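Number of protein chains: 2
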Amino acid sequence: MADRLTTEARDAALKDMPGWSVVADRDAVTRTFEFRNFQEAFGWMTRIALVAEKLDHHPEWFNVYKTVTVTLSTHDAGGVTDLDIEMAKKMDRIFGA
Amino acid sequence: MADRLTTEARDAALKDMPGWSVVADRDAVTRTFEFRNFQEAFGWMTRIALVAEKLDHHPEWFNVYKTVTVTLSTHDAGGVTDLDIEMAKKMDRIFGA
Numbered sequence: 607m608a609d610r611l612t613t614e615a616r617d618a619a620l621k622d623m624p625g626w627s628v629v630a631d632r633d634a635v636t637r638t639f640e641f642r643n644f645q646e647a648f649g650w651m652t653r654i655a656l657v658a659e660k661l662d663h664h665p666e667w668f669n670v671y672k673t674v675t676v677t678l679s680t681h682d683a684g685g686v687t688d689l690d691i692e693m694a695k696k697m698d699r700i701f702g703a
Numbered sequence: 607m608a609d610r611l612t613t614e615a616r617d618a619a620l621k622d623m624p625g626w627s628v629v630a631d632r633d634a635v636t637r638t639f640e641f642r643n644f645q646e647a648f649g650w651m652t653r654i655a656l657v658a659e660k661l662d663h664h665p666e667w668f669n670v671y672k673t674v675t676v677t678l679s680t681h682d683a684g685g686v687t688d689l690d691i692e693m694a695k696k697m698d699r700i701f702g703a
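The listed protein sequences correspond, in order, to chains A and B.
With my numbering applied, the first sequence covers 607 to 703.
With my numbering applied, the second sequence covers 607 to 703.
Honestly, the hints are just simulated from the structure, not real lab data.
Keep in mind that the hints are not guaranteed to be accurate.
Copies of the same chain look alike in the list, so a pair counts if it fits in one copy or across any two.
[As the list claims (entries may be wrong)] Simulated crosslink set (SDA-like; lysine to any residue; CA at most 25 Å straight-line):
hint : residue 1 : residue 2
1    : Lys672    : Gly685
2    : Lys672    : Asp609
3    : Lys672    : Asp688
4    : Lys672    : Thr638
Remember, predicted model here, so these are calculated numbers, not experimental data.
Next up, chain A with everything else stripped away, as it sits in the complex (with noise of 0.2 Å):
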C-alpha cells in the first residue's frame, strides 16, 4: 500500500503541478478544470474513469456541465499518497496542462 506523504514530500510535489492545492483542514489536494462544454468535460472524466479502474484509485468529483472539480486522497493511507500525485498527473496530462 502507498504510504502517506509527509507535509513537506506532498507540497515539494505540488510545487510541480500548476493548478493543484491543498483542501482545507483535510490532507487531500484539489483542482478544477474547466473544458470549452459538457461532452469535453465528460469525455474526460471518461479517459479518467478508465485510468482510475486500472489503477483501482479512483477520484471524488464533482461535474456541472463543463466544470470538473476533483479532490484526491488515499482513504486507506488516510492522506496523500503517492499514488494521488500520479493521479493528478495523470489527469493534467489527460487535459493537456
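Please build the complex by placing chain B on the supplied structure of chain A, with the hints as guidance.
Using the frame of chain A, we list chain B on its own:
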C-alpha cells in the same frame, strides 16, 4: 423554455419519486444513488451523460467510488422545471429503481 414549477407542483411530483428530496435553501431536487462498485456507478453516469446531452439539460453531480449524488435544477428558469422531473425519472429508470 420550461417554466419553473410552483412549490405545490414540485412537491406533488416528488411524491411519486422515492429517494428524491428538495435541497435546503434552494429550488432544486437531489438524490443519492448507490451502486455496487465504481464500474457500475460510472456506467450509469455515462448513460445519463448521453441523455443529458440529448436533452441539453445537465445535472450537477458528485461521485465518489460507488456513490453518485445528483442535484437537478434549471438554471435559466431559476428552479425546478418539468425538465428536471423528466431527467430525475430517467435517472431512476436507468438505475432500475
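Now for the hints, and whether the structure bears them out:
{"no.": "1", "hint": "Lys672 to Gly685", "result": "between (28 Å within a copy, 20 Å between copies)"}
{"no.": "2", "hint": "Lys672 to Asp609", "result": "between (34 Å within a copy, 24 Å between copies)"}
{"no.": "3", "hint": "Lys672 to Asp688", "result": "between (28 Å within a copy, 23 Å between copies)"}
{"no.": "4", "hint": "Lys672 to Thr638", "result": "both (10 Å within a copy, 21 Å between copies)"}
In summary, this structure violates none of the numbered hints.
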